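Enquirer: Turn these sequences into a full structure, and let the hints steer you where they fit.
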Amino acid sequence: MGRRFAAGLGLIIALTCTVLSADDVVTVDDIANWRHPTKDVFSKWKIKLTKVDLLNHRVYPVFYVDGLPFDPMMGYENAKQMSRLEAELFAANGKHDYALELKQDNIRVNVTYNPATRTLEEEIIDHSSERK
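Residue numbers for the sequence shown follow my numbering, beginning at 75 and rising by one.
Hint data in this document are derived by calculation from the structure and do not stem from the laboratory. Keep in mind that this is a model prediction, so the values were computed, not measured. Quick reminder that beta carbons are idealized off the backbone N, C-alpha and C, glycines included. Warning: the hint list may mix true and false statements.
[What the hints assert, rightly or not] Derived DEER-like restraints, expressed as beta-carbon distance ranges: (1) H131 with P111: 10 to 20 Å; (2) M148 with V99: 27 to 37 Å; (3) F144 with D98: 27 to 37 Å; (4) R109 with S157: 21 to 31 Å; (5) P143 with D98: 30 to 40 Å.
[To be verified] DSS-like, lysine-lysine: derived pairs with alpha carbons at most 30 Å apart: (6) K169 with K113; (7) K154 with K169; (8) K120 with K169; (9) K154 with K120; (10) K154 with K177; (11) K177 with K118; (12) K122 with K169; (13) K154 with K122; (14) K113 with K125; (15) K154 with K125; (16) K113 with K177; (17) K177 with K120; (18) K122 with K177; (19) K113 with K154; (20) K169 with K118.
Expert: Encoded structure:
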(Lines of atoms letter the chains of each structure in order from A; the text may use other names.)
(Lines give C-alpha, C1' and ligand atoms only; values in the text may rest on other atoms or scores of the structure.)
Protein backbone atom coordinates (compact mmCIF):
# COMPACT_ATOMS: atom_id res chain seq x y z
CA MET A 75 0.00 0.00 0.00
CA GLY A 76 2.84 2.41 0.79
CA ARG A 77 4.47 1.65 -2.55
CA ARG A 78 1.30 2.42 -4.51
CA PHE A 79 1.05 5.78 -2.79
CA ALA A 80 4.70 6.57 -3.53
CA ALA A 81 4.31 5.49 -7.15
CA GLY A 82 1.16 7.58 -7.48
CA LEU A 83 2.94 10.57 -5.99
CA GLY A 84 5.76 10.14 -8.51
CA LEU A 85 3.20 10.17 -11.32
CA ILE A 86 1.64 13.36 -9.97
CA ILE A 87 5.05 15.03 -9.76
CA ALA A 88 5.92 13.90 -13.29
CA LEU A 89 2.67 15.31 -14.65
CA THR A 90 2.98 18.65 -12.90
CA CYS A 91 6.61 19.14 -13.97
CA THR A 92 5.88 18.86 -17.69
CA VAL A 93 7.83 21.52 -19.53
CA LEU A 94 5.95 23.42 -22.20
CA SER A 95 7.76 24.33 -25.35
CA ALA A 96 7.24 27.70 -26.99
CA ASP A 97 5.06 25.97 -29.60
CA ASP A 98 2.60 24.52 -27.08
CA VAL A 99 -0.81 26.15 -26.85
CA VAL A 100 -2.92 26.00 -23.72
CA THR A 101 -6.57 26.81 -24.45
CA VAL A 102 -8.85 28.24 -21.79
CA ASP A 103 -12.49 27.63 -22.70
CA ASP A 104 -13.94 27.86 -19.21
CA ILE A 105 -13.72 31.64 -18.92
CA ALA A 106 -16.13 31.77 -15.97
CA ASN A 107 -13.69 29.85 -13.76
CA TRP A 108 -10.47 31.26 -15.23
CA ARG A 109 -8.81 33.78 -12.92
CA HIS A 110 -6.66 36.55 -14.36
CA PRO A 111 -6.52 40.37 -13.95
CA THR A 112 -7.32 40.88 -17.64
CA LYS A 113 -10.84 39.56 -16.98
CA ASP A 114 -11.54 42.66 -14.89
CA VAL A 115 -10.51 44.88 -17.80
CA PHE A 116 -12.80 43.05 -20.23
CA SER A 117 -15.63 43.28 -17.70
CA LYS A 118 -15.07 47.02 -17.16
CA TRP A 119 -15.23 47.62 -20.92
CA LYS A 120 -18.28 45.30 -21.25
CA ILE A 121 -16.43 43.04 -23.69
CA LYS A 122 -17.38 39.37 -23.85
CA LEU A 123 -14.29 37.17 -23.63
CA THR A 124 -15.02 33.76 -25.18
CA LYS A 125 -11.68 31.96 -25.17
CA VAL A 126 -7.98 32.44 -24.43
CA ASP A 127 -5.05 30.68 -26.09
CA LEU A 128 -1.84 30.86 -24.08
CA LEU A 129 1.35 30.62 -26.13
CA ASN A 130 5.10 31.05 -25.56
CA HIS A 131 5.26 29.26 -22.22
CA ARG A 132 1.85 30.69 -21.25
CA VAL A 133 2.98 34.34 -21.26
CA TYR A 134 1.49 35.36 -24.64
CA PRO A 135 -2.30 35.27 -24.55
CA VAL A 136 -4.59 35.52 -27.54
CA PHE A 137 -7.90 36.85 -26.25
CA TYR A 138 -10.94 35.90 -28.35
CA VAL A 139 -13.75 38.43 -27.98
CA ASP A 140 -17.20 38.64 -29.55
CA GLY A 141 -17.07 42.36 -30.06
CA LEU A 142 -16.06 45.75 -28.81
CA PRO A 143 -18.39 48.53 -27.65
CA PHE A 144 -16.86 50.69 -30.42
CA ASP A 145 -15.49 50.15 -33.93
CA PRO A 146 -11.68 50.24 -33.58
CA MET A 147 -11.27 50.91 -37.30
CA MET A 148 -13.44 54.02 -37.51
CA GLY A 149 -12.49 57.49 -36.32
CA TYR A 150 -10.09 59.22 -34.00
CA GLU A 151 -12.19 58.86 -30.84
CA ASN A 152 -12.50 55.10 -31.37
CA ALA A 153 -8.75 54.85 -31.95
CA LYS A 154 -8.20 56.65 -28.62
CA GLN A 155 -10.53 54.21 -26.87
CA MET A 156 -8.70 51.29 -28.47
CA SER A 157 -5.37 52.68 -27.22
CA ARG A 158 -6.75 52.98 -23.67
CA LEU A 159 -8.11 49.43 -23.79
CA GLU A 160 -4.78 48.10 -25.10
CA ALA A 161 -2.86 49.91 -22.33
CA GLU A 162 -5.16 48.58 -19.60
CA LEU A 163 -4.88 45.02 -20.92
CA PHE A 164 -1.10 45.36 -21.19
CA ALA A 165 -0.84 46.44 -17.54
CA ALA A 166 -3.24 43.71 -16.36
CA ASN A 167 -1.28 41.14 -18.34
CA GLY A 168 1.90 41.87 -16.37
CA LYS A 169 3.27 44.09 -19.16
CA HIS A 170 3.50 41.17 -21.57
CA ASP A 171 2.58 41.36 -25.25
CA TYR A 172 -0.75 39.85 -26.31
CA ALA A 173 -3.23 39.61 -29.16
CA LEU A 174 -6.95 40.25 -29.56
CA GLU A 175 -9.04 38.18 -31.96
CA LEU A 176 -12.08 40.26 -32.88
CA LYS A 177 -14.60 37.80 -34.25
CA GLN A 178 -17.16 40.33 -35.52
CA ASP A 179 -14.53 42.30 -37.46
CA ASN A 180 -12.59 39.20 -38.55
CA ILE A 181 -9.32 40.81 -37.46
CA ARG A 182 -6.47 40.11 -35.10
CA VAL A 183 -4.68 42.89 -33.24
CA ASN A 184 -1.16 42.03 -32.07
CA VAL A 185 -0.13 44.39 -29.27
CA THR A 186 3.58 44.64 -28.50
CA TYR A 187 5.70 46.88 -26.32
CA ASN A 188 8.54 48.72 -28.03
CA PRO A 189 11.23 49.35 -25.39
CA ALA A 190 13.13 51.79 -27.63
CA THR A 191 10.17 54.18 -27.89
CA ARG A 192 8.50 53.02 -24.67
CA THR A 193 5.17 52.72 -26.46
CA LEU A 194 2.63 50.06 -27.32
CA GLU A 195 2.42 49.19 -30.98
CA GLU A 196 -0.34 47.36 -32.76
CA GLU A 197 -0.34 45.27 -35.88
CA ILE A 198 -3.76 44.62 -37.39
CA ILE A 199 -4.23 41.46 -39.42
CA ASP A 200 -7.36 41.32 -41.54
CA HIS A 201 -8.38 37.65 -41.75
CA SER A 202 -10.89 38.36 -44.51
CA SER A 203 -8.04 39.18 -46.89
CA GLU A 204 -6.16 35.94 -46.16
CA ARG A 205 -6.24 33.29 -48.85
CA LYS A 206 -7.80 29.98 -48.02
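Enquirer: Return holds or violated for the Cβ distance of M148 and V99 against the range 27 to 37 Å.
Expert: Holds - the Cβ-Cβ distance for M148 and V99, about 32 Å, lies within 27 to 37 Å.
Enquirer: Is K169 close enough to K118, meaning Cα to Cα at most 30 Å?
Expert: holds, 19 Å
Enquirer: Go ahead and decide if the range 10 to 20 Å is satisfied by the Cβ distance of H131 to P111.
Expert: Taking Cβ atoms as reference, H131 and P111 lie about 18 Å apart, which means the hint holds.
Enquirer: Given the hint of 30 to 40 Å, check if P143 and D98 actually sit that far apart at their C-beta atoms.
Expert: Because 33 Å falls inside the window, the suggested range holds.
Enquirer: Just to be careful, I want the Cα atoms of K169 and K113 compared with a cutoff of 30 Å; is the pair within it?
Expert: holds, 15 Å
Enquirer: Between R109 and S157, does the C-beta distance stay in 21 to 31 Å?
Expert: holds, 27 Å
Enquirer: Given the proposed pairing of K177 with K120, does the C-alpha separation stay at or below 30 Å?
Expert: holds, 15 Å
Enquirer: When you check the alpha-carbon spacing of K154 and K122, does it fall within 30 Å?
Expert: OK: K154 and K122 at ~20 Å, within 30 Å.
Enquirer: Hey, K122 versus K169, does the alpha-carbon distance stay inside 30 Å?
Expert: holds, 22 Å
Enquirer: Please verify whether K154 and K169 have alpha carbons no more than 30 Å apart.
Expert: Holds, at about 19 Å.
Enquirer: Is it true that the CA of K113 sits at most 30 Å from the CA of K125?
Expert: This hinted pair holds, its Cα atoms lying about 11 Å apart.
Enquirer: Take a quick look at whether K113 and K177 sit within 30 Å of each other, Cα to Cα.
Expert: holds, 18 Å
In this structure, none of the earlier numbered hints is contradicted; all agree with it.
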